[in-house]
Structures are given as structure tokens and as C-alpha cells.
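Heads up: the protein sequence lines correspond to chains H and Y, in order. With the UniProt record's numbering, the residue at position 313 of the first sequence is 313, and numbering never jumps. With the UniProt record's numbering, the residue at position 477 of the second sequence is 477, and numbering never jumps.
I should point out that these hints are in silico values taken from the structure, not numbers from a laboratory. Quick caveat: nothing in here was measured; it's all calculated off a predicted structure. A hint or two may mislead.
[To be verified] Straight-line Cα separation of at most 27 Å, DSS-like style, residue types lysine-lysine; simulated pairs:
no. : chain 1 : residue 1 : chain 2 : residue 2
1   : H       : K515      : Y       : K272
2   : H       : K439      : H       : K466
3   : H       : K452      : H       : K439
4   : H       : K469      : Y       : K151
5   : H       : K784      : H       : K795
6   : H       : K795      : H       : K757
7   : H       : K47       : H       : K515
8   : Y       : K151      : Y       : K331
9   : H       : K515      : Y       : K331
10  : H       : K464      : Y       : K273
11  : H       : K464      : Y       : K263
12  : H       : K640      : Y       : K252
13  : Y       : K252      : Y       : K272
14  : H       : K515      : H       : K466
15  : Y       : K263      : Y       : K331
16  : H       : K640      : Y       : K486
17  : Y       : K486      : H       : K466
18  : H       : K848      : H       : K834
19  : H       : K801      : H       : K72
20  : H       : K469      : Y       : K488
21  : Y       : K272      : H       : K640
22  : H       : K47       : H       : K640
23  : H       : K515      : Y       : K487
24  : Y       : K487      : H       : K469
25  : H       : K469      : H       : K515
26  : H       : K801      : H       : K784
27  : H       : K466      : Y       : K488
28  : Y       : K488      : H       : K289
29  : Y       : K273      : Y       : K252
30  : Y       : K487      : H       : K464
[What the hints assert, rightly or not] Residues from chain H that face chain Y, not an exhaustive set, calculated with beta carbons under 7 Å:
no. : residue
31  : L567
32  : T575
33  : S662
34  : C750
[Stated by the list, open to error] Sample of chain Y residues lacking proximity to chain H, with all beta carbon distances greater than 12 Å (derived):
no. : residue
35  : F112
36  : M123
37  : A216
38  : F328
39  : R330
40  : E429
We treat Cβ as the ideally placed atom computed from N, Cα and C, and that holds for glycine.
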Amino acid sequence: MGKARLAAFRRKGSGAPAGAQSGRARPNPNPFEVKVNRQKFPVLGRKARHAVGQPGVSRARAVQKRTQTLLKEYKERDKSNVFTDKRFGEYSSSMSPEEKMMKRFALEQQRQHEKKSIYNLNEDEELTHYGQSLADIEKHNDIVDSDSDAEERGTLSAELTAAHFGGGGGLLHKKTLQQQGEDEEKPRSRKELIEELIAKSKQEKRERQAQREGALELTEKLDQDWKEIQTLLAHKTPKPENRDQKEKPKPDAYDMMVRELGFEMKAQPSNRMKTEEELAKEEQERLQKLEAARLRRMRGEDMHGDSRKPKHLSADDLNDDFVLDKDDRRLLSYTDGKMSVEEEQSREASDGESEEDHHEDPSDENLEESSDPDGHSDLDSDTETEEDCGRPDTEPRLAPQKRLANNGHKAREAARNELPYTFAAPESYEELKSLLSGKTMEEQLLVVERIKTCNHPSLAAGNKAKLEKLFGFLLEYVGDLATSDTPDLGVIDKLVVQLYNLCQMFPDSASNSIKFVLRDAMHEMEGSVEARGRVAFPGLDVLIYLKIAGMLFPTSDFWHPVTTPALVCMSQLLTKCPVLSLHDVVKGLFVCCMFLDYVSLSRRFIPELVNFLLGILYIATPNKHGQGYTLVHPFRASGKNSELLLVSDEEDTATWQRTGLSLRWASGLKAQTKTEANHTRLSCLAVCVALVKHCVLLYSSLPAFHDIMRPLRALLTEHLANRTHPPELQELCQSTLSTLTNMGKQSQRCRPLVCEKSKPVPLRLFTPRLVKVLEFGRKQGSSKEEQERKRLIHKHKREFKGAVREIRRDNQFLARMQLSETLERDAERKRKVKQLFNSLATQEGEWKALKRKKFKK
Amino acid sequence: MERGPGPDGARRALGCLLEAVLASRGEANAVFDILAVLQSEDSEEIREAVRACGRLFAALLERGELFVGRLPSEDSVLAGSQGATRKYKVWMRHRYHSCCNRLRELLAHSSFEVKELALSTLMRFVQLEGVHPLEKPKWDGCYLFPHQLFKAVVEGLLSLEDDCSLLLSQFREYLEHDDIRYHTMQAATDIVVRVANRYLEVPFTFWNNAFTLLSAVSLPRQECNTSSFYVKHASEHPGWVGRGPHGAEHRKAFQLMWLGFLKHELPLGLYKKVLVIMHDSILPHLAQPSLMIDFLTRAYDMGGAISLLALNGLFILIHQHNLEYPDFYRKLYGLLDPSIFHVKYRARFFHLADLFLSSSHLPAYLVAAFAKRLSRLALTAPPEALLMVLPFICNLLRRHPACRVLVHHPLGHELDSDPFDPEEGNPAESRALESSLWELQALQQHYHPEVSQAASVINQALSVSEISIAPLLELTAFEIFERNLKKKCQESVPLQFIPAQGLLGLQDDLCAQHFTLS
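Here chain H stands alone, though its shape is the one from the complex (with noise of 0.2 Å):
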């Protein structure tokens, strides 16, 4: 098979020049060299292709192919070395060798070219003669000058060689002077020979001579003319090759130093800066991209793989440790769907508050990270960031904004006296565990990030892997800080926006680990629901996995990879889990904000949390009628649980205050006295009615609106019927309310619905289906993909049997060579012989005449 391809590729080689030569042949005059293939019936419109050929022509033609080829290599079969001809275009037989001589001529002079030096602008080209520098010549010509006698010089004229030591050319040459003297005057003796050659020679020198005084002359007035000249082109560099014989013999340190200095690499000319505005204006831009790229996920409209969406950048714009300050944010909190001019006008309004906000900020945040009482921190600062300078390699890679950050952390680095300054990244959890346990927060987020700054993926290969590693690591550390008794919210409070930057470098093994510790609470979930249709709510970890999945990835996508399982998940909670105690509401109302939060952007319809709020709602009402509304899995009308958040003591009434839960509720702390449990119920309340009215806020625009709220609307009436709240609470219960009505009334009428028109579908004809023949002599009927098939079959078989062919014709031609060198062979071989023989018998010969002579004598 090898072989055969060997032979079709020999015959697609050269198949183009042989084409072209039978395109440009002649109709052969000769009748006997045409072989006409007779068709038996001629079929209109049909071409016929092959209705005459020219064996002899083709048969030469394949011979002389293999010839080229074939021949080729069989000669040189048992050669290992190869002779490669590399100049240029030389297996090239489209080029004329006019064209490669002009190519290589140009070629060997851009090398020229480059070779020398790419600053020298004022270099001439330099011209040869016979391979020879014209200046070079020019120079010998001028030592020549000075020296008179030439032919000392070693520059004699061939016949003058010939004539002094006799040379095999010279020889024939003079062979030929003599056929040429002998036809002129025949007699001429040896002598006469050498004096005329003298005398000519002689003559040469003179005329030589007398032209070099001319050009002499020349050259001198050509001087005197430049050096008037010269004045006006006073600018104009001495001749280079004058400067560097010059220069050559003194390097001068400053020379060189210039020299230095010319040689190095100039910086690129980049943009100008850019100016503020600009600067806003391109962030702006940026996020304006990023928004609508948001909105459209939002509306699920590349849901289908639309190839013409810009690649989301979020990632890469991020990596720039780009931080948005705060009036962007108040531009990105705007999102009602529409990103309008007048918010642009609107913002520069506000910008004077957003100053303030701005300036309020750092401050803030040195009061939250400044957790050092005394004011001694800034001193301590100031040395550890000396020292910092002082041990370069310690932290050798801290990039410049990390310092700055850095030097704005000032309290923290108190702290870091006793902490190492690089870390491995950690292979396993326990090794993560183990550098952060025991730890003061500060120390711990110190470690996080210095095990982020030196395991920078851009430092060595497998830093990416740890990272990604690291990330779900700390993951499992914030599920265990969660789970401890005594939650430390706070580490995981700034332990979020490491991961959020984590995130920011590696979303897909992120979302990846997201994934996994969803997919486990699920489980653990699954189990239980299986078995007895419910589940106790799950621990703090499980909400905080979830309200990091919230803030690490976009929650108002339509479809998305991490926040549509989390939806699922949260769904299941508000399903699936009954309200038992306190903690349960206090953890329930957690998801219910998370879940609002999810959807703040989308505004989509949760039909689980409005029952959730409901039976919250239910579970805090005193005399209950149960008109109007029904309740949902998992609460209860009756049962232990039903009056759950009712607080009958009045004093606990008066005295509370309205103020955030706290999320350690949620984990396990237990009431103190009976008052706190109380005013916890109190909250409880507040919040679920603060929801309450931003779902009514939420849901407006949904055409089913009031039906979704109905329930909701019956258990507040109950609720301020019965005045038995603390005022601030019966406040909120009222403008819920009254929201609840505006937008009731604010609400569309009820429009009957219409579907959207579809097009009309076409009515069935009867017209025969047309079929178009392309391809006279097959089967029409069959499927495409079958008659693909058949014509590939053929195909093959057609070129299996052409290979087969050449093959056979191949090795009768190797056959026929070797055949005709045996013969070769044997002929020189009796050539030889015969020879030999005429030797032996001409002297055989001479000797027998000689032994006559001999005899005769």
C-alpha cells in the first residue's frame, strides 16, 4: 500500500507540468499515433472525454516521468547521504533561471544588508564586480598607481602566463595563435614570437599608463570641484569608512559609552496619559458593558448559545485589583432595567454626597480594622514597613498595590511581628486549619493573603492549583468557623472578600467547589426528607455557603451554572424545613433575605416565600379567625408550633426597640431571660413584615397580583385588629398595608390574555415534488447521505485500481532498466575482453616479428 501511495503520489507531483504540456501539444498530424475510441452510440449533451487518445505521446510522457522519478531513486537506493541543492528556487519549475538568478541576487543582498548593522542609514550599497568589492578595486588600482610596475603586481594577462610557464589552456590557445599566424605569414621563428609579444605588452603598459594619468587628472579636479562644494554641505557626515579608520585605533570610554547609549533599546512611543474624564468615562463604559451584559443574562437570551455575545470580561477586568469606588456602585445599584443619560446628570448631582460617602469610607475602614485601642499602632507601622524595605527577600513579590494596601492596614502590622512572612500554600484542609487556628482574626486574613501573594499564579506553574485549591479550602474553613458554637462571623465577614478575589482568578474551580459543598447540604437534606417527608433546617454553614454563592456569582442571571442550584436549594429550606423554635424563624427569615436578595435585580416571583411569610405571619397572630387564607407545608394551623412568635407579656411590648437580628440567633444561642426571647420574637415579626412590604413593592407589576397577596392581605388586617403590638410594629403593619392597597389599585385591570400571533402556516399543495437529475446514469431514488456513499465506493475502487496500475507499469519499467544495464554490463565486459585479446595478439605479434627479424638477421 506503501508503495502505492508512493506511485499516486508521484503521478499528482508531476501530474501539473504534464497536463500543461498535453495543453499545449499539437493535434498529432500523424493518423497512426491516434487511437479513437469508438462510441457505440453517441448520447447528446453528454461529453465525451476520452474519445481519442495518443498512446505513443502518453507512453513517452509516463516514461520520461519515471525516468525523473522512479529512476532516480532506484540508482540511488543504496546511497545514505543525499546532495541537497538549497539555493533558492532551483527545484522550482515555474521560475525562468533568469527570474531565480534575479531572486538570488536579491536574496544574497538583503542579507548583505541586514547583516551589517540595521543603524547605519548612510551606507551605500556596495557594488562587486566578479564577487569583488568595486572599492576594493579601486584601492588596488590607487596602489597600483603609486607602484608602476604592474605585471610585478601578479595582475598578467592570460597570454602572458601562457607564454611564460605553458599552461595546458595556454597551450591550446597558443595552438590556436599558431593555426591563426600559420594561415597569415607561415614561417616564424620562436624569437620573433617573444619580441612581438614583448613589444605588445609594452604598448598595453603605455596606453595603460597614459589613461591613469587622465583619470588622475580627473579625480583632481573632481577634488577641487567638492571642495567648493563642501562648504554648503557643511552638515553632511564625513565618509564613514574615513571616520571608522579614524576612530578605530582610540576607543575612547566616552565613545563607547555613546555608543552604549545609541545601542540600546529605545522605549516604544505608547499613548498619551489619559486624563481623568477619560478614565471615568472608560470605567464607566466598562460597566455599562458589564451591566447589559448582566440584563441580557437576566432575560435568558444567549440561553441558546447566541455566537454573537462579547465575551463576558468581568474576569479579566478584575484582575487589575481594580476596586469600584462609591459612587459607581450607587450607579450600579440604579437597575430597574434601564441605564439612562439622566442618570449620568443625576450623578454628577450627587456627587458632592458620594464625596462625603467617599470620604467617610476610609475612615470607616480604619475604625473597623484598626482594632488597636491605643494610638502607638502608627509608629509600629512605620518601623515594620522599614523593615519590610529592609528584607527585600523576604517578601520579594508583593506587587505595589499590596504594599500600599498594606501600609493602609497600619494596625495590622503590629500583628505580624511574630507571623512568618511567606507561606506554602497548603495541600490539605488540616494543613489550612492548622495555620489559622488559634490566630486573632487579623492574623488569620495576614496568613490568607500572604499565602495568596506569594502562591501568585503568575510567580510558577503549579501556583494555579494551589490557589484553586486554596480557595476550596477556605471554603471548608468558613463552613467550620459556622458550625462551631460559637460562630466567628467576623473572620468570615473579611474572609468573604478573599474569596471573592479568589474567585475573581478562578471561576470555574470555584464555582466548581460551590457546587460541591451545595450539593452535600443537599444531600444531607435529601436523605432526611426521604425518610420522613422533613427536615430540621440546616446549620449556619449551609446559609452562608448560600449567601456566598449570592455575592460570588450573578444572581439575576436566567440560567445560571452556580445561582440556579443555590435557588433550588433555598426553595428547599422554605419547603421542606417546619418552623420548630426561634432559631428556625430566625434562619428561615435569613433565607427569605437572601433569597429577596437574589432576586432584587431579576424581580422574579417566589411563590415559596410569600407562603413562607405567611405562615410566619400566621404563627405571630393572637386570636386567629383562618378567613381568607389557607396555609402551606410546612406550617400548621394547630399544633404546638402554631402560636410560636406570640408575645403575650405587655411590658416586654413597651419595652422593645426595633433592631437587626442577629445572625447568631441562627446558630444556636439561646435566649437569655424570657424578655430577650421575646423582643427576638418582636424583631422577628418586624422583619417579616419589612419583607412583606418589599415583596408587595416587588410584585406589583405581576398581573396575578392580587391573588399572590391575598392571603398576605387577610393575616395583616388580623394583626392590627388586634392592637396588641408595640406601636413602631403596628406602624410598619400599617403602611404594609396601605402599600398593599395603593398598589392594588395602582395595579393594571385585568386584560384578557392573547397569544402572540404565529405565522400561518403555509396550506398543503399538491404540486408534484420536483427532483432535479444531476448525474445521468445513477440511482436517483436513493437518500443523499447513500448516494454519498456509493460515489465514495466508486471513487475509491477507480483509484485502487489506478494504483494497482502505476504499480505493475513501475516495476516493468525497473525491470526493463535493469535488464538494460545487465546487457550494459555484459557488452562493456565483452568489450573488454576483446580487447584484451587485440593487446595479446599485437604483441604476439610484434614479438613474432621481432624473433623473425631476429631469425632473418
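Go by the hints and put chain Y onto chain H.
The following block gives chain Y in isolation, referenced to the frame of chain H:
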């Protein structure tokens, strides 16, 4: 009696006694020693004793050394002047009797191993007594079965105090045999009647045990001629004719048993259990299935999950036994409340509802009312239920083109409020046809993408072919979760571009507003 230490010693001692008794009638008094061990405290010893008793009386039964016929009192026989053999036999029969009583008591023993052994020994006695009857046959070839003994066994199984489900599962293998099954049914019927009459408040455990036993009685489905018997020779008895597993007697006994059981006030949990197996293993085997109507109607009127479950049985009666059920659809309509999406039997209910509403002869107002009510309920449903109920509603609209005004009513006038009355119990008066499915339009804004897509179907003209909801019936949230997790994202995961600030998020987030970390 000499007894070595431990159970080994006891076994050896019992073995000696046993051999002595069996070897000569003179040593018969050793039976007392064996029976005394039965009263022991140690369960290991009791088991040895039970084994020994089993072997002893089995051998005696086989030898025919027990008195046959009506048993006279022990004292009169011993005092009288009958032959020594007769005296021995009567005496021994009394020992056998007391042994059986003790074994029956042991069925309530605390150790399961003892219970199990006692049960198997008793059943062995039943088998042997069947072969060697202790009664005199009234006529030749009379069918005799140890009714007394067997009834005692069944009574022991249907304990009033303990949960005997483990023991009953052991007993289940005896129920493979036709004769045992038949007699169990009879015994169970008697016992249930007796217990229900005796006590005012029948304990829950009894009902539970009874149900476990009754549900274990399963008649074979296919006709098979080879019937198996526990008491071997009984098959030749002409008295058995008609009592085979497919005979009328057998079915009648089955029916009597269940009807007798179900006519009592059962605990609610049991209602559910009975209804779950009703369509599959009770109704097909009853002689007259329509007699079950009382029970089913009672259950159907109870409301809640029990009604949902009763639906299945009713459906079979209506479908296969020509039962007329007035206001069936009205009641079905009444069953629709928000809890149907959360109960365990959701799949079963919707499967049946699909069947009931599949008829194309239903009036349009009825179907429209169902569609409207379901979509109203869908506003409170979790995603896994929504994914099922939305295609369900669309299927209803497809089947009944007259109901398409619910989603496509181009000539309708704008309304002030939804004319549909959700409180109305009668579908005919709910004015559903004047309304539209705005609820589905609202659900197009659902947070889950698949639900949103499913609800968006109504935006276009509905396709002709129905969507099969069978694969969606059993859908759980966990399956949806897994499916969403596994779905591949073509490009890299999109990221949040607002940097995280802390655990509670930005200031205007709800979490940050309502929760604090400290």
C-alpha cells in the same frame, strides 16, 4: 433433676429427659420437668425447653400416643378405672395441652428468638395435628383442621399490647399455603369481631397488628392449578373443594375479613395504609368489590390526604364496576387546595386527576374551572410541582379547545377584577370561563428558568400534541437540583462584578438591613 451449668448443661439434661420419656412410658413423669423449664426466666433455657417439647410431642403425635376424641377431665380419668394406656394417653394429652398454652403465652415473650421458636413449634404442631387429628372424624374422609390450636396461634399474633410486626413477617411465609391462608382469614375475622365487641377503646397496637396480618394475606394473582398445602394430606379431602385460592369460598373469606375489619372506626394512619394498598391488593380479590363503597365514601368525605387516596379505589369501582357516584367531579374539585402540591401522594393524585379529566366529553366549564383553580394553586407551589402542573394545565387546554379562551381571548373586554370565584365549591358557578390564566403569566416571572419556560408556553398558540406528564409526576426538587448542577455551561462561569464587601453584602441588601453579625 441434675443440671449442669449454662445452656449446654440444660440441653444435655433436657436431652436425657426426652429420651427417657420417649423410651418408656414409665418415665412419663419427666415431662413435668421439661414443662417446668418452659417457665424459666432465662430465654436461652426456655428455647432449649421449647425445642425439647417440640421434639417430644411431635414424636408422640406421630406415634399416636395422645388421646383422640373429646378430652375428658384429667381427674375423672385418673380416678376412674379405665385401662392404663387410656389413662396415659389422656394424661399425656393434658400435658400437650398445657404445653400448647404455655407456648401460646410465649408468643408474647420479650425475646424475639423465643417468640420465633414458639411460633414455629406451634405451627409444627398444627401441621402434625392436621395429619394425625386429635378429633374423631364424624364421617369417613371428613376434613379436619386443628381450628382450636390455630386460632390460639392467630390470637397470639394479634396482640393487644405489643407490636408483632416482626413475628408477623415470620408468619407471612406460612401464608403462602392455601389452607393456612384460608384458616387465617377465618380466624382473623372472628378475633377482630371478638376484640371489637369486648373493648370500647380498642388499642392502636391491635389495629396495627391486625392490619399487618391482613395485608400479609395476599391472594395469588394468576390462576395456577398447583396449590400448596401446609397440612399435607388435606388436598385429597373432598371437604376442601371450593376453598381453593380461586374458589368462591376463599374470596368470600377474604372479603368478610376485610369488611369486618374496615367497618370499625380505624385510626387515621391506618386509613391511609389501607387506602394505599386498596387498589392493588384488596379490590381485585373481593367477591363483590362494590361492597367496599361504604368504606371508600367514608374515606373520601374525610378530606385531606385520605380523600386523595380514596380516589384511587373509587376510580376502580367507577371504572370497572359501573359504580354511579354523584357529584364526583364536584368533590374532586373540592379536593384541590394548596396542600396537594406538598403531600406525599401528589404523584398518585395527579395521575388519577389526569385520568379523570382525560375524557373529551366533559363540559368546558368544568375543565376551565379545574384549569383555573390549578393555576391559582400553582401560585403557592414549589418548583418541582410547578414543572408538573404547568404541562398538566396546558394539556387540559389542548384536550378541550373550548377552554382556550383562558389563554387566548382576543375579543374580551378589560375587566376590573378576576371574575373567577376561588371560594365557590361548585365548578359550574365559579365563572372560570370568563376569566384568563393570569397566574401563568405571573409564573413566567418565576425564579427558576425551567418553570419560567414552562409557563411561557401559553404565549404562543398551543401545540397540538399533548405533553406526557408521566415522567414529571415523581419529579423531586433534588432531581431538579442535580440536573441544574450537571448542566454544562458552554463558556466560563459568569462572575459577579460588584466586589464583595462582607458577609451581609452591600448596605442596601436586605440581609444587611435586617441582620447583624454580632
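Run through the hints listed earlier and report the numbers of any the structure violates, in increasing order. As far as the earlier hints go, 1, 4, 6, 7, 8, 9, 10, 11, 12, 16, 22 are violated by this structure, in ascending order.
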